[in-house]
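**Student:** Same order as they appear, the protein sequences are chains V and C.
Position 36 of the first sequence, counted from 1, bears residue number 38 in our numbering, the numbering being contiguous throughout.
Position 211 of the second sequence, counted from 1, bears residue number 362 in our numbering, the numbering being contiguous throughout.
To be clear, the hints were calculated from the coordinates, so they are not data collected in a lab.
Because the structure is a prediction, the values reported are computed rather than measured.
The beta carbon of each residue, even a glycine, is placed where N, CA and C say it ideally should be.
Just to be clear, a hint being listed does not mean it is correct.
Computed Cβ-Cβ distance ranges for the label pairs, DEER-style [said to hold, decoys possible]:
#1 C:E335 / V:D250: 39 to 45 angstroms
#2 V:I4 / C:G342: 44 to 50 angstroms
#3 V:G170 / C:V304: 53 to 59 angstroms
#4 V:R8 / C:D244: 23 to 29 angstroms
#5 V:D22 / C:A281: 22 to 28 angstroms
#6 V:E196 / C:E335: 27 to 33 angstroms
#7 V:G185 / C:T239: 18 to 24 angstroms
#8 V:P186 / C:L181: 43 to 49 angstroms
#9 C:P178 / V:M70: 42 to 48 angstroms
#10 V:D226 / C:L181: 46 to 52 angstroms
#11 V:G187 / C:E315: 34 to 40 angstroms
#12 V:P210 / C:R266: 44 to 50 angstroms
#13 V:G170 / C:A240: 46 to 52 angstroms
#14 C:T343 / V:E160: 48 to 54 angstroms
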Amino acid sequence: MIDHDRIEELIAARALGGIDPEDARALERESAEHGPDCIDCRRLMDEYDEIAGRLAFALAPAPVRAEMEDEILRRTLVDDGPAATSAAPPSEQSRSPAALDERRAARSARRAGVARGVAAVAAAFVLFAGGWVIGANLGEDTPLDLSAARVVSFDSQEGELAVAFEPGEPGVLILGTGLPSPGPGKVYEVWMIEGDTPTPGPCLRPGPDGSIVELVDAELGTTDTMAVTVEPEGCSLAPTSEPIAVADLA
Amino acid sequence: MMTDGPLVTQRRARSEPAREATVPPDPAELRDADLVRAMRRGDKDAFRGLFRRYAPTAQALAQRIVRQQFLAEEIVQEVFLAVWRNPTAHDPDRGSVKSWLMGMIHHRSVDVVRREEAQRRRAAEAIPDAIDLDDDPGVTVPEEIGLPEERKVVRSALAELPTEQRQILELMYFGGMSQSQISERLSVPLGTVKSRTLLGMRRMRTTLVGMER
Chain V
3 MIDHDRIEEL IAARALGGID PEDARALERE SAEHGPDCID CRRLMDEYDE
53 IAGRLAFALA PAPVRAEMED EILRRTLVDD GPAATSAAPP SEQSRSPAAL
103 DERRAARSAR RAGVARGVAA VAAAFVLFAG GWVIGANLGE DTPLDLSAAR
153 VVSFDSQEGE LAVAFEPGEP GVLILGTGLP SPGPGKVYEV WMIEGDTPTP
203 GPCLRPGPDG SIVELVDAEL GTTDTMAVTV EPEGCSLAPT SEPIAVADLA
Chain C
152 MMTDGPLVTQ RRARSEPARE ATVPPDPAEL RDADLVRAMR RGDKDAFRGL
202 FRRYAPTAQA LAQRIVRQQF LAEEIVQEVF LAVWRNPTAH DPDRGSVKSW
252 LMGMIHHRSV DVVRREEAQR RRAAEAIPDA IDLDDDPGVT VPEEIGLPEE
302 RKVVRSALAE LPTEQRQILE LMYFGGMSQS QISERLSVPL GTVKSRTLLG
352 MRRMRTTLVG MER
């Protein structure tokens, strides 16, 4: 029978966040030796993680700004739910083969269209004017008046990004193509900058084909510049890296 | 920083329940799980419910570790935003919602402490105050039913630990210090720090999880 004392010692330190790098490597080695089917190892890890999480409740609760929950909800991309909404069980109707085929076709058309259309700002504008991007993604109630939309391209290091909006009105459409992955555990975060003050916008992750099509509930009236940085997953409240794309709206 | 190595990956790939059912389900945990399920459908009220229930503890934990209110707020925002965006990340087979949430707050706070040079210096210069286990934690922030009892249980479990074990657990968890940093700080051999960590955690496990090894 395999002795679990050593791995338990490492797992306990890891759960508390106090494991040193050398021991973290030792834990990986031990884990490999115990193998993927080590039920005791799994139970130890779950239980020590559980205990560590509960230790937080030894602290007296701290006041939280009343606005924080609204700020979090405002930071989500679209107003009708979390990004994981697609993971929710679909309705019977939407699960039907016809509906699935329809969605696949729309998705495929959207991706192909984005790849073609956002290669340049002018082309992007044609897409907006043509309406299929809006129709595919936003439905008929989009707040954007396409005929009045202003389209601005980002000066980007890789790939192409453009933003479309109607001055003075809420609703900003961000389109991207050829964008590399921001890396594991990272996202692209959009910033709306007025003077020296960046306001966090949405966090985006390109699709497998490097495309982005997102409607943002924001108004760019006082925004001088938009920028995109690479940030940790979960987003940042202030940029932590140099912009990889910048758009001058002034 | 926490490792997320092969063992974790292997564990995630498995589907059988991780814990033996030795205690009846906690009603508060069942309610938390319901909230997370509702969030998967985009239910904002469910998010607000979860946030109001746990954000004060999350804020307290982050603040305790990073020692700066604005940084703590940022961590709390980031974690709850990540939860709102991806509530499916919680695996009920692996642990409670509250531990999952606090685990993320803790990981991120420790990351911040270790990343920021100034924070590291602060951590090295000052041993965090011990937690006052006699303090009544429920008086400053209104809480939902169940959490004051949870605080009582956890604080009581910590209070029962021998002082030298509790000190190490607190430095590690609430101070964001590694075992080698604690060894250096307390002038105690590293092996002693490790053994006290294990003994303390085993005792907490016995008390909180109810499983005798």
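**Student:** All the hints need checking, so say for each whether the structure fits it.
**Tutor:** Here's how the hints hold up against the structure:
no.: 1; hint: C:E335 / V:D250: 39 to 45 angstroms; in the structure: violated (51 angstroms)
no.: 2; hint: V:I4 / C:G342: 44 to 50 angstroms; in the structure: violated (22 angstroms)
no.: 3; hint: V:G170 / C:V304: 53 to 59 angstroms; in the structure: holds (55 angstroms)
no.: 4; hint: V:R8 / C:D244: 23 to 29 angstroms; in the structure: holds (25 angstroms)
no.: 5; hint: V:D22 / C:A281: 22 to 28 angstroms; in the structure: holds (23 angstroms)
no.: 6; hint: V:E196 / C:E335: 27 to 33 angstroms; in the structure: violated (47 angstroms)
no.: 7; hint: V:G185 / C:T239: 18 to 24 angstroms; in the structure: holds (22 angstroms)
no.: 8; hint: V:P186 / C:L181: 43 to 49 angstroms; in the structure: violated (34 angstroms)
no.: 9; hint: C:P178 / V:M70: 42 to 48 angstroms; in the structure: violated (27 angstroms)
no.: 10; hint: V:D226 / C:L181: 46 to 52 angstroms; in the structure: holds (50 angstroms)
no.: 11; hint: V:G187 / C:E315: 34 to 40 angstroms; in the structure: holds (37 angstroms)
no.: 12; hint: V:P210 / C:R266: 44 to 50 angstroms; in the structure: violated (30 angstroms)
no.: 13; hint: V:G170 / C:A240: 46 to 52 angstroms; in the structure: violated (39 angstroms)
no.: 14; hint: C:T343 / V:E160: 48 to 54 angstroms; in the structure: holds (51 angstroms)
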